[in-house]
Amino acid sequence: MTIIPPAPSAAARTGFTVYGVELPSRLLLGTSRYPSPHIMQQAVAASGAGVVTVSLRRENARSGAGQRFLDLIKEMGVAVLPNTAGCRTAKEAITTAQMAREIFDTSWIKLEVIGNDDTLQPDLFGLVEAAGALSRDGFSVFPYTTEDLVAAERLMAAGCQVLMPWGAPIGTGRGLANPYALRSMRKYFPGTPLIVDAGIGAPSHAAQAMEMGYDGVLLNTAVANAADPVRMARAFADAIHAGREAYEAGLMDVRDMAVPSTPVAGTPFFDIGS
Amino acid sequence: MQESVTAALGITVNGEATSTTAATLAELVESLGHEARSVATAVNGAFVARAARGTHRLAPGDAVEIVAPRQGG
Chain H
-3 MTIIPPAPSA
7 AARTGFTVYG
17 VELPSRLLLG
27 TSRYPSPHIM
37 QQAVAASGAG
47 VVTVSLRREN
57 ARSGAGQRFL
67 DLIKEMGVAV
77 LPNTAGCRTA
87 KEAITTAQMA
97 REIFDTSWIK
107 LEVIGNDDTL
117 QPDLFGLVEA
127 AGALSRDGFS
137 VFPYTTEDLV
147 AAERLMAAGC
157 QVLMPWGAPI
167 GTGRGLANPY
177 ALRSMRKYFP
187 GTPLIVDAGI
197 GAPSHAAQAM
207 EMGYDGVLLN
217 TAVANAADPV
227 RMARAFADAI
237 HAGREAYEAG
247 LMDVRDMAVP
257 STPVAGTPFF
267 DIGS
Chain L
365 MQESVTAALG
375 ITVNGEATST
385 TAATLAELVE
395 SLGHEARSVA
405 TAVNGAFVAR
415 AARGTHRLAP
425 GDAVEIVAPR
435 QGG
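Keeping their order, the protein sequence lines are chains H and L.
Under my numbering, the first residue of the first sequence is numbered -3, with each subsequent residue one higher.
Under my numbering, the first residue of the second sequence is numbered 365, with each subsequent residue one higher.
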C-alpha cells in the first residue's frame, strides 16, 4: 500500500485583515540596512511580505535620493507602511505622519513615539496622544507599543484597530522578552489584530509569536543583517507558516510530570517485580 | 523707484542656517532643486501640504523641514 502524504496546508500562508485590507502574508518586513537595494528587493520577494515599512528623512538639495527609493519600492508592488521612527514627541510624530501621508499616498502610519534613547522604548503617553489626533484626522494607526494592557486599551479607545507590541527593544534580536505578557495580551484582545514588532532575531522567535496566536510579525534587522538576507527572508516565511499552522492545529498542554506516549497496557514484564 | 522684493531672508532648512531670496515655501523647494512631488514639507514643526506651499510665505527665522522617502524599519 502506498501512503500518499497530504498536500501542505495553504491555510497558514494566507494573511489577515487590518483596517479592512486583507494582507497577503503574516510577515511585514522593513526595508532598512540591507547590503544593497537589489538584495532588499530580492529579500522582500522571498519573504512573501505584502507590506514593507519605510520612513522619511531630510533631503539634501538636488539629491533626488528620495524619488529613487520610492521608485524602487513601487517596482515591488507591495503596500507601504510609513513609520515615524525617531520622533520623540506626539507633535513630531503627527507632523511626520502628515508628511508621510502626502508623499506615500497612504493613510497607514506605523506610529512610533520614542521615550528613551537606550531602549528605544515607546513613550506610551505621547503615543496615545498622537494616536488619538491621527485617528481623528483619518489615519489608520499601527502603534508601536509595549505589552502594557492599560496603554493598549487607551490606544484602542483612541481609534487604533491594530496593536503592535514589541518583542524586545528594536535591533536587539532578543526575541520575545516577556512571553507571559504577550500571551496575556493575546488573551485580553482575542479579536484585535496583534503584530509583534521589533526585537525578533531568529525565525524561531517569529514562530513562537505565531504559536501564541499573534496575527503577524514585523521585523527588519534579522533579515537585513543576515549573511544571506534572501535565504533568511525565506526562513522567516517558513517559520511563520509553521507557527501559524501549529496555532491553528491546537498545541498540546504543557505538563510538569512525564506522561508515557507509548501505551502502558501490555508492557512486557510490567507485572514482574524488579 | 521700485522697492526690492527679493531681500535675502535668514531661515534654517533641515537644521542648517541659510539665506534665501525665495518668498514662498514653493519657491524655496524649487530653488533647492527638489521636484515638488518628491518631497514633503513642514515649517516651524507644522505640516505644510504641497498645495499650500505656493501661498505659504516665509518669515525670518522660519525652521523649514524638507523630507523624502527613505528605508525604514
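Read the hints as simulated data drawn from the structure, not as lab findings.
Please read these numbers as outputs of a predicted model, since none were measured by experiment.
Cβ coordinates follow ideal geometry from the N, Cα and C atoms, glycine included.
Mixed in with the good hints, there may be bad ones.
Claimed, not checked - A partial selection of chain H residues facing chain L, derived with a Cβ cut-off under 7 Å:
#	residue
1	T27
2	P31
3	I35
4	S51
5	L52
6	R58
7	E98
Evaluated hints:
1. T27: holds, 5 Å
2. P31: violated, 12 Å
3. I35: Status violated, d = 12 Å.
4. S51: holds, 3 Å
5. L52: holds, 4 Å
6. R58: With a closest approach of 3 Å, the H:R58 hint holds.
7. E98: holds, 5 Å
Going down the numbered hints, you'll see the structure goes against 2 and 3, while the others check out.
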